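When you get a sec, could you build the whole thing from the sequences and use the hints?
In case you want the letters, here they are:
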Amino acid sequence: MKKMTYAEAIRDGIRQEMKRDSAVYLCGEDVGKFGGCFGVTAGLVDEFPGRVLDTPITETAIIGSAVGAAAVGLRPVAEIMFVDFTGVCMDELFNQAVKMRYMFGGKAKVPLVLKTICGGGVAAAAQHSQCMEAWFTHIPGLKTVMPATPADAKGLMAAAIRDDNPVIYIEHKQLLGLGGDVPEGEYLVPLGKADIKRPGTDVTIVAWSWMVHRALAAAEALAKDGISAEVIDPRTLVPLDKDAILASLAKTHKLVIVHEAVRTSGFGGEIAAVAAEEGFDLLDAPIKRVTAPDTPVPFSPVLEKAFLPDEGKIIQAVKELF
Amino acid sequence: MKKMTYAEAIRDGIRQEMKRDSAVYLCGEDVGKFGGCFGVTAGLVDEFPGRVLDTPITETAIIGSAVGAAAVGLRPVAEIMFVDFTGVCMDELFNQAVKMRYMFGGKAKVPLVLKTICGGGVAAAAQHSQCMEAWFTHIPGLKTVMPATPADAKGLMAAAIRDDNPVIYIEHKQLLGLGGDVPEGEYLVPLGKADIKRPGTDVTIVAWSWMVHRALAAAEALAKDGISAEVIDPRTLVPLDKDAILASLAKTHKLVIVHEAVRTSGFGGEIAAVAAEEGFDLLDAPIKRVTAPDTPVPFSPVLEKAFLPDEGKIIQAVKELF
Amino acid sequence: MQLAKENLLAFYQTMVTIRTFENKAAELFAAGKLPGFVHLYIGEEAVATGVCANLTAKDYITSTHRGHGHLIAKGGKVDLMMAELYGKATGYCKGKGGSMHIADVDLGILGANGIVGAGQPIAVGAAFACKYQQNGAIAVCFFGDGASNRGTFHEAMNLASIWKLPVVFVCENNMYGISNCQRDHMNICDISDRAAAYGVPGVTVDGNDVVAVFEAAAEGVKRARQGDGPSLIECKTWRWRGHFEGDPATYKNPEEQKTWLQKDPIPRLAQKIIELGHAGEADLANIADAVKAQVAAAVAFAESSPDPVPADVLTDVYAGQ
Amino acid sequence: MQLAKENLLAFYQTMVTIRTFENKAAELFAAGKLPGFVHLYIGEEAVATGVCANLTAKDYITSTHRGHGHLIAKGGKVDLMMAELYGKATGYCKGKGGSMHIADVDLGILGANGIVGAGQPIAVGAAFACKYQQNGAIAVCFFGDGASNRGTFHEAMNLASIWKLPVVFVCENNMYGISNCQRDHMNICDISDRAAAYGVPGVTVDGNDVVAVFEAAAEGVKRARQGDGPSLIECKTWRWRGHFEGDPATYKNPEEQKTWLQKDPIPRLAQKIIELGHAGEADLANIADAVKAQVAAAVAFAESSPDPVPADVLTDVYAGQ
Ligand SMILES: Cc1ncc(C[n+]2csc(CCOP(=O)(O)OP(=O)(O)O)c2C)c(N)n1
Ligand SMILES: Cc1ncc(C[n+]2csc(CCOP(=O)(O)OP(=O)(O)O)c2C)c(N)n1
Ligand SMILES: [Mg+2]
Ligand SMILES: [Mg+2]
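Protein chains in written order, with our numbering: chain A, 1 to 322; chain B, 1001 to 1322; chain C, 2001 to 2321; chain D, 3001 to 3321.
No lab work stands behind these hints, which were simulated from the structure alone. If you're wondering where the values come from, they're calculated on a predicted model, not measured in any experiment. Worth double-checking, as some hints may not be accurate.
Computed from the model, here is a short list of chain A residues facing chain C with C-beta under 7 angstroms [as the list claims (entries may be wrong)]:
id: 1; residue: Gly105
id: 2; residue: Asp164
id: 3; residue: Gly200
Some chain D residues judged to face chain C by a derived CB distance under 8 angstroms, without partners named [to be verified]:
id: 4; residue: Asn3149
id: 5; residue: Thr3152
id: 6; residue: Phe3153
id: 7; residue: His3154
id: 8; residue: Asn3158
id: 9; residue: Ile3162
id: 10; residue: Asp3184
id: 11; residue: Ala3196
id: 12; residue: Ala3197
id: 13; residue: Gly3199
id: 14; residue: Val3203
id: 15; residue: Val3211
id: 16; residue: Glu3215
Below, simulated DSBU-like cross-link-like pairs (lysine-lysine); rule was C-alpha separation at most 35 angstroms, straight line [as the list claims (entries may be wrong)]:
id: 17; chain 1: B; residue 1: Lys1173; chain 2: C; residue 2: Lys2222
id: 18; chain 1: B; residue 1: Lys1107; chain 2: B; residue 2: Lys1003
id: 19; chain 1: D; residue 1: Lys3164; chain 2: B; residue 2: Lys1019
id: 20; chain 1: A; residue 1: Lys173; chain 2: D; residue 2: Lys3024
id: 21; chain 1: B; residue 1: Lys1019; chain 2: C; residue 2: Lys2222
id: 22; chain 1: C; residue 1: Lys2077; chain 2: A; residue 2: Lys19
The beta carbon of each residue, even a glycine, is placed where N, CA and C say it ideally should be.
Structure, rendered in structure tokens:
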């Protein structure tokens, strides 16, 4: 174990796989000498000569070229600086990368990691603060990874790179500086396995990325009020570890879903649907979603605070169930 | 009332608004002399000289320019030939068109209709057959319209054009030739108002677009087995007429949601979540979703039939509730 | 450059194969045997043929919605192609792709593509992999005049240029993007002029002259293999048919259509072969007959092949599923 | 063209306003008073100033993430801008937009934009509306060297060309896209050369010479107003600061930075004004003092303004809400 930040852990995951496999390369805007807009890839350009490539402002070609390279044997880690910019390369992701295998009758594989960052809380406003994971989970053929801790960040990055399918790996701005223990040496976290970040018996809170920490804070406070909340972090939304959620519901019979993305058609809807379909008899209260409202992300910190879900809003939602 | 096809009714809705307001224009690939890939806009180029514009293959500029034109006073109806191509202009739609008003503090309006077509059943394969409405419903600021009948097609098109917000209007390939009675003269269907396409008492089936007709066929068959199904067509997914769905559940206590889009994170999840949050006490059985599986759309008609939801699959799902 | 007899006869064989395959597909579509959209390459055979004659199976191509010609010229098997057009389990994509998505990655064919312009950055990526792996292979990107207006063209050309990648961009200017003719969709005559915007050499050739295409492509391929970076070749040609089968193409000028039919690349090549004394009419007729038989066998193969089974819909979504 | 005294003094006033506003923003950011990202226009003032001097309030501009200069040159009010930078309810966007989204549609300012290249097709659409409504107005699109690599550039230029729209594309080539310098992100020297790919005239000017910029823009604006279609003007300039405040910009060559600082457009204009006898040093100092007071007042306005209230988060999503 080694103490490192989430940002360092991401880098460590990339480093681990670049060392292991020369087919892995990293490309994107300012990922090289600049070290990435948030410093996540700092130094890799020197460590791996010729394998860390700065691109022009050309998201379409970044992902399009990564598809081509992946289809013929490389393993690109292609960065889109903010998840908000994926609208520019959506066709390359959802019509090319993820469909090639199926359209070609299983005769291709596209081991491509789209690395990007999401989330609010830094007054970056409507085009630099979004959480768009629901879109990605609606794309068959893609896997969606959203780590919440340094250890998960490393292990899931390594697993994403090693996966033979397109994976979108979404970091969170608020977590970059978060410290934690990270296993040294080769470390992988399997895609599709949830993590119970806090066990509990009275209510199940499902949250991911930054919201895991908000949920943990809420659970801490709720414990003082005698409510024992179990916090489940799916870590990957696709594949989704339904079993972990249903097993928790069998214990708690109550479900609160927390996400930073806007409410309507957020991934919370999918989880609610799974619970109402496959866990209906386990539930003894309405399902609750704690989410951002259906608005763009506002700039002013006052407004953004009102926009973002937080422990207060989670606690309130949980208490409405008791 | 006049008998016309769904395609003719769409055209009639556009015509009505173009006659009424000279700020309305139509642009897109092959919408002019070719009359649109499916003939929907045939003849309009002659009827409205200078107001129906063929564009190059340039989806980004089609929607981007429509945003600019709308922001300064025009009312573009901008066609994207297949909804599958919206990945190419997603940024223009979700970061520009729909966010301008909010980002500018309410000091702009963007009355833009993105007209497009979705759906399978014509062996058009993975990149020309998709149903992507869930993405659009996850974009605050946008309205999502999916008519199922000729009358709705006309009235909703007119309402979409008259709306001061960006609206995506999604036709369905399977419905173009469907005939029906359509009001002559000015006709508008309000956005946000569901239509009970068939009343019933035992189970609520929510379906839209082509699936309304599959649900109606299933309801017909279920009636013979003594099950009375209510078929609700929301017609617009955003705004969603929650009240209509909850009122139906108050009667039937059972919910089956049908959509052609792939299952995970489809709009069915949102409806299920609304029901499990706001109508939990009304439900006496698990919610069911009848959807396409989580795969790209296959080409072969044999496979596509297996892929698409149909009355058989709906009937089976309903019966599992009794 | 004086091409050898074998080269010219090989061109002839390929071009006739494409033409025969496409005519058969038109006939089968009209007879209701082929589901979905079918876009034919008739009249444009010299482009794919002349370009791909410079490639080996290790090189890559990206194709378009109008892909049959590229696939055949790159070595694609007509029986597996035809079975795919029928949506059969024996087709190239097990019936999952259809005409617009046929691929043979082992032959370096990275797929037809239903999204106009999508192949451009994909070819750049394949070329990047060739350079990264230093394997001597290159990539060729086929795309249309219409596709040259998409942002993908711009971004792909620019990236290929600054990374000096071994890729040849081949623009098949058949003068139309569906109903939109070139003069309505761009304000320049020669699409090759767009190369200068990226510091890339561009050239325009007669796309109905297979030898001219071959030679221009040879130059581009040489540049690529030598590590001199990308190039753009515009081949002027003409789409004989409607955009897709079923399109009567009333927007085309009948005079223009007539003029272009007279520039049919196949008789032009035949005449050259005969003039050079490489073969007689009978020899060429023999080639055509053999091709006809091959295509007929492909149809028989397709028709006698099984459909996929419904459960197949769920497979091939994820690798390692 | 010999510009009148009033013109040159107006240029000076505008450029000094931009410089003063930006220096103040840098100071406020460093002091932790401005939330979010702040991208400054220092060193590039001559571009926005020279271009916008050709426009009226009826004309439209699209701006970028580095938008303060464009907004001020187009008539934006520094107090409403500053309040927006602070996120206050009195700001241009009621605190909802921030630096990257300031707009004043009534003044024809269609917004700064956080998406690089997004303004290009939006400007084309505004120009289309001008032509459609025959109102004599035009649109100007500001964008960077980096943005000229995006597909939006290609599509916007092509559409503007074939529709012959009244739009002037102004490329602010400050030699960098974040850390990526021009020679690394494209293989050509003059971005104006890209215009030829669309049959559009292109010209390169010294972007630190406000008179040169004004004259080139006058030509483009005249073309647009006369119905002769779009043009592209490349203005070579230099970004003095880091990409955003907080970026130490260690990737820049200090020598180059020094050279460019010496080309500061403001003293260059001042010298010309003085040489022409239009004003003395004291007059110019008076202008600068007045601007300073104006910017100080803007800061006072912003600081004394109320924050938005939390409930405001829900308004302004839909028109007619
Ligand atoms: C992004 C995108 N836009 C539009 C279409 C619809 N479409 C299919 S083929 C085509 C015309 C293509 O023209 P060109 O590139 O010249 O190729 P050609 O058909 O002439 O071979 C269009 C518009 C598409 N498939 N993808
Ligand atoms: C589509 C998109 N890609 C990337 C970014 C991140 N980004 C913001 S500004 C910038 C550089 C822009 O360079 P240039 O166009 O030259 O403008 P400059 O900053 O030099 O004024 C980048 C890459 C973005 N905002 N949008
Ligand atoms: Mg063409
Ligand atoms: Mg720049």
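Of the numbered hints stated previously, which ones are contradicted by the structure, given in increasing order?
3, 14, 15, 16, 17, 18, 21 and 22
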